[in-house]
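With chain A fixed as given, assemble chain B onto it according to the hints.
Each chain, written out:
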Amino acid sequence: MLFQTWTFALFFAIVYPVYLAVRRTRLRAAWLLLASYVFYGWWDPLYPVLIAWSTLVDYAAVRGMSRSRRRKAWLALSVVNNLGMLGFFKYGAFAAESLTAALARVGVPLAVPPPGVLLPVGISFYVFKSLTYTIDFYRGQVSEEPSLVRYAAYVSLFPQLLAGPIDRARNLLPQLAQVPRITAADAADGASLFIVGLFKKAALADSLALYVEKVYAAPGAHEAPALALATIAFSWQIYFDFSGYTDMARGIGRAMGIRLMENFDHPYLATGLGDFWHRWHKSLSTWFLDYVYIPLGGNRRGPVRTYVNMALTMLISGLWHGAAWTFVAWGAMHALGRVLTRRLETTGFYERRVPAILKRSWVFAFVTLAWVFFRAGSIGDAWTILARMAALRWADPACPLLLAGLVAAVWLYQRVLESRFRPASRPHLRVLESRLLGVAEWAPVRVALVAGMALYLAVAVTGNGQPFIYFQF
Amino acid sequence: MSGVAENGGRGGVRLSLHEWLAAVAVIAAVLLALPQAWRRIDAPADAPNSRVPYRLSGDYWMFERLAARAAAEGAVAVIGDSVIWGHYVSAAETLPAHLGEAAESKAALAEAATTGAPRGAAAASNARPAGAGGAVRFANLGVDGIHPAAMHGLVAYHGRAVAGGRVVLHCNPLWTSSRRHDLTAAKEFAFNHPRLVPQFIPWIPCYRETADGRLAIVVGRYLPWGSWAEHLRVARFGGRDLAGWAVEHPYECPVRQLALELPSADDGPDPPPDARAWTEKGVPAMDADWVPLGESLQWASLRATVDVLRGRGCRVFVLVGPFNEHMLAPASREAYKDMKSAMAAWLRDAGVGCLAPAPLPSSLYADASHPLAEGYRLLAERLGGSEEFQTWLRNE
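From first to last, the protein sequence lines are chains A and B. Heads up: the first sequence begins at 119 in this note's numbering, then just goes up one per residue. Heads up: the second sequence begins at 38 in this note's numbering, then just goes up one per residue.
Just chain A, same shape as in the assembly (with noise of 0.2 Å):
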């Protein structure tokens, strides 16, 4: 079930009215329990049994460790059980295929067959959002959750079940125990995210997915212009793809009187990589931080411990996107770019120096080179790409002005929006941006921008329910 589709709009509006009914009573976990086992359900019916299971024992691995003194037993059982199921659905296929093209390269013509599943939607999901439950009471960071059914809530709520935010158990546990305040604020503000997110996704996302899809479709057909921009038009397809979830999720969850971690601050005004990975994803960016990062000893080892757990994590995340050779190439050229800056950014002529413009375009130009790997079929597609853009030979690009100019207005919108957090430093900007602040800001403004999205998506988009695209991841 799409959030963007009439499915959903009906699903709930039956399931909010029962939820603020019941929302005072000890049903409340349970309704929400039922709504998120429908929700995922829809996609597959077999898809709530593996997430029961992981539930399960999540669950009894917790009470273990309460009741025992093999508290790594049944922390190793929980890691085992819940990496073994994303190592099993997520990697097998691609574990056969590189095991067999491995084994063909030394002369042994062995084919080993790969397990013939499925990826389920959202597994990578919820499998590190329920082991932050048992790795966080291992760690005395959280406290037992008694209730199976408000547990297996936790894990399975809706909003966030198929694509995030990874929120941790310590930040919703404990407001899913309380009876949630719904104040007739918390509905506007909900509605707010809602919109925005259901723009970017469907207005802007999905239409700039026509452009990529296009040009990425058949790469040796055409040249660097068209390359280059499908290539950044894909980088605003992935922002608005999933910060636009990631907004309806929040937009949901805050209706609901639940409040869902942010995941995404203006990713491309990042003036250094690591501001980016401060950005983007944050619940996953923190998550290999503290689960990782850490655990792996961090900074606290010196500077070489320190760069190689740096790169040893952006790999592994890169691998958590996807299970193929261009998200690990794409994790590894994060990680060469860390190693390479992390130093850098840090120092003062880095940090006062340099023009914050010069610093948000290398960012952004690292970061959408980057993607090409992300978004390519396969490495050899995506060395197509960068050799016949190196090649730069010119030809007309047919980039559409409309998209370009609808990114163009969103880019300047955000660029206004975060001069309130960080304003520039020459006083005339600064009184500039303060003027746009105000206009942004202006009330009658923001009724019209709200009124302009529903209404573009109401007449100008056909709404036939793109998936998105962290679903596959």
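Worth flagging that the hints you see were computed from the coordinates, not collected in a lab. Glycine included, every Cβ here is placed at the ideal spot set by N, Cα and C. It is possible that some hints are incorrect.
With beta-carbon atoms standing in for the labels, derived distance ranges [said to hold, decoys possible]:
no.	chain 1	residue 1	chain 2	residue 2	range
1	B	Y259	A	T143	32 to 38 Å
2	B	P310	A	A508	23 to 29 Å
3	B	A70	A	H396	56 to 62 Å
4	A	I412	B	P261	53 to 59 Å
The following block gives chain B in isolation, referenced to the frame of chain A:
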């Protein structure tokens, strides 16, 4: 009130409850007013024998506009597929056009007999309203490819203006000539006007669409701006949404598309169909596998369409065929005759006026069901000469 969400949400517009109410009022006002205002911009051509331009066959808003005009003028709505629309002929050579012409002549003769006025003065214009002493007008509400299952949707959701008047429905037996035509085949395939067919009940086994897609179609039928938004896509943006069109026309301004002239009633298929008799084209004989009426979705849909129209106070007359029986293999022809009789019998039993005329001469058909220009003239003559039709036409 800050326009930037607290709790870290720096990227979005945030409205308070009161601001939301204002936004909803603006959105509702625009979505209700704009389609109304657009009627002046994209009015169907005000010419005799108007019909939905071929390129706009999927534009149900245009059908709504023509239906509303027909109702306002008190014209007899003639609804059907490309046989009514006139696939091989110009707008002036279709069945409704010939019926209108015949009615004009008759009215002119009657007027001349009573007032002594010259005949040509009355017959010259097809634009005069119907009424006492005036000729009956016939509005061509045919839509290319509208099989009965889609026609039911067309009338139910886009033909609400057709109420309380006279309606001639065309029943093209072609749609029961095989399980595939009847939409009762098990194998999925793409057919005409899927947005108009029942999405859930009755279940159409050969219709492939996701549950989300079906629900979106059902909801879209009731959105006041739904058919208008679809009209913009079909008539202005080549059937694509704005982004899809922009990718195909990267450097063109979409606003200019809104100023383009709509195609005329004589806008036909491109390339034009071969308007020779079927015998000259070497079309082989047809061995139809007629679907029994009791199992036919198309026949059930036609009956449902009659019920919808009668429920709105319309007086309905059904024209069955005339199918090109010359093209049928002997066994198939006999089965067809039985089916045609059964259709007529059911309609008469239900109190619906009907005519199942004998086939036209073989040379007047372009294919299995479409007459050529002379065929339409002859058919109009037969229909006009039918006592049942005349009785139906006269009775108020």
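Here is what the structure says about each hint:
| no. | hint | result |
| --- | --- | --- |
| 1 | B/Y259 with A/T143: 32 to 38 Å | holds, 35 Å |
| 2 | B/P310 with A/A508: 23 to 29 Å | violated, 52 Å |
| 3 | B/A70 with A/H396: 56 to 62 Å | violated, 46 Å |
| 4 | A/I412 with B/P261: 53 to 59 Å | holds, 56 Å |
Hint violations for this structure: numbers 2, 3, all remaining hints satisfied.
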